[in-house]
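Protein sequences appear in the order of chains A and B.
Position 102, counted from 1, in the first sequence is what the numbering used here calls 102; the numbers after and before it change by one each time, with no gaps.
Position 1, counted from 1, in the second sequence is what the numbering used here calls 1; the numbers after and before it change by one each time, with no gaps.
A few of these clues could be false.
[Said to hold, decoys possible] Derived coverage of chain A by chain B (criterion: at least 3 residues anywhere in the stretch with Cβ under 8 Å from a Cβ of chain B; other residues may be distant): (1) 39–46; (2) 98–109; (3) 202–208; (4) 511–525.
[Stated by the list, open to error] Using 27 Å as the maximum straight-line C-alpha spacing, the simulated DSS-like pairs for lysine-lysine come out as follows: (5) B:Lys29 <-> B:Lys87; (6) B:Lys29 <-> B:Lys82; (7) B:Lys82 <-> A:Lys470; (8) A:Lys460 <-> A:Lys511; (9) A:Lys539 <-> A:Lys468; (10) A:Lys406 <-> A:Lys306; (11) A:Lys489 <-> A:Lys406; (12) A:Lys489 <-> A:Lys511; (13) A:Lys468 <-> B:Lys49; (14) B:Lys49 <-> A:Lys406; (15) B:Lys49 <-> A:Lys538; (16) A:Lys538 <-> A:Lys489.
[Stated by the list, open to error] Sample of chain A residues facing chain B (criterion: CB under 7 Å; computed from the structure): (17) Gly401; (18) Pro402; (19) Met404; (20) Val485; (21) Gly487; (22) Ala490; (23) Arg497; (24) Thr498; (25) Ala501.
Simulated from the structure, these hints should not be mistaken for laboratory data.
C-beta atoms are modelled at their ideal positions from N, C-alpha and C, and glycine is treated no differently.
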Amino acid sequence: MAATTTSDKLTVPETKDSGFIPDYEFPLPGFIRQLPAWSRVALIIFILVVASLVLRTRSVGQQYWMDEAITVGISSHHLSAIPGIMRQDGSPPLFYLLLHFWMLMVGNGEAATHWLSEIFAVLTIPIGYWGGLKLAGKRAGLITAALMASSAFLDYYSQETRMYALMSLLGLFGTIGFVRGFVFRERRYVILFSLAEAAMLYTHNWALFFGAGSVLSLVVLYRISGDEIRLNLIRDAIYAYVGAAILFVPWLPNFIFQSLHTAAPWNTSPRFGAPVQIAQSVYGGATVAAILVIGAAVGYTGFFRKAERASAEAKIALILFTLVLFTLLLGWIASQITPAWNPRYFAPIVPAIIMFTAIGMSRAGVVGPLTLAVALIFLARADTYAPQHKSDMQDIGGEMGPLMHKGDLVIVGQPEQTPLAYYYLPGGLRFSSTIGPVRDPTFVNWINALSRYRAANPAKVLPPMLNKVKPGQQVLYIRPLTEGVIGWKAPWTSEIRTRSAQWGKILSDDKQLTVEAWAPHNYRGACCVADSAILYVKK
Amino acid sequence: MNRKRSEDRSTQRLPWSIHYPATHMSLAKVAVVCGLTALLISACGIQAKPGAGTAHLSHYAGFRGVVDDPRIPQVKCLKSDKLPYRKYYADGVQHLPAIQVGARTQGPTMIFYPTDGVAQGLQIMGQETGAEVIGALLVYPNRARASELTEVEACAAIGVKG
Chain A
1 MAATTTSDKL
11 TVPETKDSGF
21 IPDYEFPLPG
31 FIRQLPAWSR
41 VALIIFILVV
51 ASLVLRTRSV
61 GQQYWMDEAI
71 TVGISSHHLS
81 AIPGIMRQDG
91 SPPLFYLLLH
101 FWMLMVGNGE
111 AATHWLSEIF
121 AVLTIPIGYW
131 GGLKLAGKRA
141 GLITAALMAS
151 SAFLDYYSQE
161 TRMYALMSLL
171 GLFGTIGFVR
181 GFVFRERRYV
191 ILFSLAEAAM
201 LYTHNWALFF
211 GAGSVLSLVV
221 LYRISGDEIR
231 LNLIRDAIYA
241 YVGAAILFVP
251 WLPNFIFQSL
261 HTAAPWNTSP
271 RFGAPVQIAQ
281 SVYGGATVAA
291 ILVIGAAVGY
301 TGFFRKAERA
311 SAEAKIALIL
321 FTLVLFTLLL
331 GWIASQITPA
341 WNPRYFAPIV
351 PAIIMFTAIG
361 MSRAGVVGPL
371 TLAVALIFLA
381 RADTYAPQHK
391 SDMQDIGGEM
401 GPLMHKGDLV
411 IVGQPEQTPL
421 AYYYLPGGLR
431 FSSTIGPVRD
441 PTFVNWINAL
451 SRYRAANPAK
461 VLPPMLNKVK
471 PGQQVLYIRP
481 LTEGVIGWKA
491 PWTSEIRTRS
501 AQWGKILSDD
511 KQLTVEAWAP
521 HNYRGACCVA
531 DSAILYVKK
Chain B
1 MNRKRSEDRS
11 TQRLPWSIHY
21 PATHMSLAKV
31 AVVCGLTALL
41 ISACGIQAKP
51 GAGTAHLSHY
61 AGFRGVVDDP
71 RIPQVKCLKS
81 DKLPYRKYYA
91 DGVQHLPAIQ
101 VGARTQGPTM
111 IFYPTDGVAQ
121 GLQIMGQETG
131 AEVIGALLVY
141 PNRARASELT
151 EVEACAAIGV
161 KG
């Protein structure tokens with residue numbers, strides 16, 4: 001028989017007297033004390049929003065790397081064409097569609113598109129407060145908001161034209177909906193969870209692991225709860241998951257096609273480094289992670305006492321923990337079969353990790369705010385978590401663009417960098433990758449990409465292209481700087497490294513081609529694959 | 001009787017019904033909606049990409065390439081030290097960014113390489129023995145005065161780690 005709880009239907013305190021987590025009391029000046037409570041909270045949230053914007057807009061105009069250029073390239077197409085292109089890309093369409101409308105209004109420059117993610121990241125602060133408040137009271141709400149405002153993960157992805165900030169925002173709604181809906185048993189939150197899960201399914205494929213992880217968490221909840229939670233739990237869960245699935249049905253044919261024909265051949269299977277990856281990418285490093293985990297652990301020590309083990313708070317903490325654990329575990333296991341593991345994919349569980357930490361810290365007495373203050377000192381450093389240089393293609397475009405003429409051929413060694421080269425070079429050029437000629441350089445066709453790449457023999461693919469180049473026309477060869485080793489181990493990237501060298505050899509041996517220029521002349525390093533470029537002219 | 005009730009319902013003004021022209025809608029709302037719609041339809045947010053071969057590409061907002069000139073901090077430094085200088089590109093096809101301080105062959109010359117490693121490699125392989133390696137720069141002292149060279153070396157060292 002399952003354990004029974006000590007409480008009836010759960011409630012969260014609205015004031016410091018009514019609940020299980022009392023509010024902080026600070027010796028505030030009289031005029032601030034006279035302000036209504038909501039305005040004091042609003043002021044704190046406002047300060048957090050401004051502080052996070054100061055931290056997160058330092059690199060907002062920074063150049064793209066290849067994934068961002070692919071995203072912008074796809075979103076630049078006509079609305080009706082985007083779903084069809086997504087079939088070749090492998091991602092769900094929501095962010096691309098939102099970006100399409102966003103770009104129509106504010107443009108397709110780097111700063112313009114980064115601001116869309118910036119908005120999603122900023123929204124996690126007030127919504128994080130609301131979520132913390134709804135799950136464990138005002139103190140947890142304020143700590144959640146502070147951690148959202150200083151999250152290293154959101155620092156990074158708020159300045160990236162990708163779906164991860166949106167995914168975190170949706171994950172926040174999903175987490176709040178999940179806990180309030182199934183632990184507090186409030187049906188309107190079940191609806192929120194269902195809608196959030198559906199929106200996540202349309203945003204990134206890790207929504208599947210989040211959904212499956214939440215199912216396993218529900219099993220745990222069912223096992224440890226009494227009738228007050230079990231009553232109609234299964235029925236509500238079925239409604240939630242079937243509802244999300246029905247909303248996903250329109251995309252299902254595309255999803256099945258993508259699953260069968262596209263993959264992430266550039267990825268490798270994970271080992272046992274997930275805790276380190278979480279410490280790095282979610283918390284912002286081992287030091288900050290240690291500080292925050294200590295703060296949370298102090299708060300959770302009470303749960304080792306038998307009396308508290310079956311409490312409502314323990315259930316909330318356990319469900320948040322299992323949601324994270326099972327999502328990661330499922331992602332990890334699936335990635336052993338087909339690699340789909342990258343710290344940026346943690347986006348949907350970042351809010352659950354932060355809320356789990358915040359709730360623990362909110363229970364830790366004076367240790368909570370102390371550890372928060374120390375962590376914020378480490379986290380509040382501008383440009384610490386956003387890369388200074390994502391790529392060098394902007395410079396290559398700046399140097400090579402003015403030298404090029406209409407009809408010149410651009411060959412890109414790494415096929416998925418073609419949209420990036422297209423973005424930073426002028427119009428009217430022809431493009432090819434080391435797979436072969438590229439008809440539309442704004443996106444990448446990932447359908448059976450690895451087998452097509454392996455079949456593309458450089459000695460057969462390149463010479464016909466060079467034969468079509470007229471005397472006087474130019475060939476720009478852009479190839480990745482294959483620095484390091486780890487990033488070039490996957491089947492796809494390993495192929496790129498070899499192919500780039502093979503194509504480079506054919507070009508340099510061609511007696512009809514003369515080197516005219518090269519770039520970059522100022523290489524500052526890059527977080528996310530840099531390139532070198534050589535411009536040849538045909539005699 | 002049922003028909004009459006149905007007619008009554010159709011003519012009855014529902015609380016959420018809108019009767020056109022909807023003159024009671026505020027002008028501000030109308031302006032915002034029209035503005036956003038116009039923006040979406042015109043797609044004026046997206047700048048057109050200029051074609052290859054267009055003169056003065058960098059003047060076009062739609063061209064996203066930007067030359068990352070490594071000389072900017074050094075030029076600022078030389079200016080603040082009131083040292084005469086001239087920017088140019090060295091070594092033909094290599095097109096290396098360079099700065100000549102003072103007169104050619106007299107004052108120091110700074111040549112900028114893409115990375116620290118390239119500059120170090122040139123010294124290690126004995127190809128540029130008459131230069132000091134400072135970060136990614138090779139600084140040729142030439143016949144500069146000691147005080148002038150000290151200032152130039154300090155400028156060259158901007159941004160160099162270690």
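Problem - Stated coverage of the segment 39–46 of chain A by chain B [criterion: 3+ residues, CB within 8 Å] - result: Contact hint for the segment 39–46 of chain A vs chain B: violated, 0 residues under 8 Å.
Practice task
Go through the hint on Ala490 (chain A) and say holds or violated, using the shortest Cβ distance to chain B against 7 Å.
Solution key: violated (26 Å)
Exercise for the section: Compare the distance between the alpha carbons of Lys489 (chain A) and Lys406 (chain A) with 27 Å, and conclude whether the hinted pair is satisfied. Expected result: This hinted pair is violated, its Cα atoms lying about 37 Å apart.
Problem - 27 Å Cα cutoff - pair Lys538 (chain A), Lys489 (chain A) - result: violated (35 Å)
Exercise for the section: Please verify that hint: Val485 (chain A), Cβ, nearest Cβ of chain B, below 7 Å or not. Expected result: Since chain B brings no Cβ nearer than about 17 Å to Val485 (chain A), farther than 7 Å, the hint is violated.
Exercise for the section: Starting from Lys29 (chain B), check that the Cα of Lys87 (chain B) is at most 27 Å away, please. Expected result: violated (55 Å)
Exercise for the section: Have a go at the Pro402 (chain A) hint: is there a Cβ in chain B nearer than 7 Å to its own Cβ? Expected result: holds (5 Å)
Practice task
With a cut-off of 7 Å on the beta carbons, see whether Ala501 (chain A) makes it to chain B.
Solution key: violated (19 Å)
Exercise for the section: Given the hint that Lys49 (chain B) pairs with Lys538 (chain A), test it: the Cα-Cα distance must not exceed 27 Å. Expected result: Status holds; Cα separation ~26 Å.
Handout entry: Met404 (chain A) as chain B interface residue, shortest Cβ-Cβ below 7 Å
Key = Interface hint status for Met404 (chain A): holds (4 Å vs cutoff 7 Å).
Exercise for the section: Check, residue by residue, whether the segment 202–208 of chain A contains three or more positions whose beta-carbon lies closer than 8 Å to a beta-carbon of chain B, and give the verdict. Expected result: violated (count 0)
Practice task
For the hint on Gly401 (chain A), just tell me whether its beta-carbon gets within less than 7 Å of chain B.
Solution key: holds (4 Å)
Going down the numbered hints, you'll see the structure goes against 1, 3, 5, 6, 7, 10, 11, 12, 16, 20, 21, 22, 23, 24, 25, while the others check out.
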